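Engineer: Sequence:
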Amino acid sequence: MNSVTVRVPAKVNLQLAVGPLRDDGYHDLVNVFHAVSIFDEVTATAKTGMSVRVEGESADQVPEGHENLAIKAALALAGHAGRSYGVNLLIRKAIPVAGGMAGGSADAAATLVACNELWGLGLPLEDLMEIAADLGSDVPFALLGGTAVGTGRGERLTPLDVAGTFHWVFALADGGLSTATVYAECDRIRQATGERVAWPQAAEPLLAALREGDAETLGTELRNDLQPAAVMLRGSLARTLDAGREHGALGSLVSGSGPTCAFLARSESHAGELAASLKDAGVARDVITAHGPVPGPIIV
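Just so we're aligned: the sequence shown equals residues 1 to 300 in UniProt numbering.
It is possible that part of the hints are untrue.
Claimed, not checked - With beta-carbon atoms standing in for the labels, derived distance ranges:
id: 1; residue 1: E268; residue 2: E246; range: 14 to 24 Å
id: 2; residue 1: T193; residue 2: T45; range: 45 to 55 Å
id: 3; residue 1: R156; residue 2: E246; range: 30 to 40 Å
id: 4; residue 1: D23; residue 2: E268; range: 44 to 54 Å
No lab work stands behind these hints: they were computed from the structure.
Just so it is clear, the structure is predicted and the values come from calculations on it, not from any experiment.
Note that the Cβ used here is the ideal one computed from N, Cα and C, for glycine as well.
Assemble the whole structure, with the sequences as input and the hints as a guide.
Structural biologist: Put into structure tokens, the structure is as follows:
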């Protein structure tokens, strides 16, 4: 086999609960991850050495070379196998770059799946998940897909049963937001306001809405503790969120560390109407629709 192509979805955080700052500089998190139908594709081709090329959505903003998380994933997999392998990675981007939808993590997960197949390693998902956890907090869920609760830094996952399909509209912003900067701003706001930060827990009403396929309740339960920080850093997000609610979204939130804003719609047709309204309102660089949950990486 000379080449393997893997398609991998974006994610949205339906709940992101951020605990107190730990001594190691991290936060304990509770993440309710939800994979949605916006996809990157990674093609792994056998060669000598390691290289990566990026095409598509905001490709010029993605690092090439060994700073790219997909290359780090390939190197980690080769190290786990105890062999010196080579690969050329072609990443075709549709997931927003630095948009809070885990595009880099998705590409790393796709690379693990593609190289595992290309190199004939035959490693089970459990082994790939261990490698993924060392690469980043979002990479394990990018391997899993569907909907899941993540704890710790987000890497310990419990899959969730979800009834039906949920329909989403995503408003994309100009430029990205640094995850580290958003977390630092969250800590600054909490310190300045004297907020007592509770231990993070998954919200049972939100989990029940997912189990029951209840979009109305899910819309009211969407939560992101990083949203105030993202809005503080990018004030225009407040107008985008307001516009979604004004045009009938069941719920809205900043996705992850932002700046992408996510809006829950009643149905596929309502998502189309909401997307058109947001485009007309001029509150985003682009607006796209998607549905979830969807499976994790698949070989195409």
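Engineer: If you test the structure against every hint from before, which numbers come out violated?
Structural biologist: Checked against the structure, no hint fails, so every one of them is satisfied.
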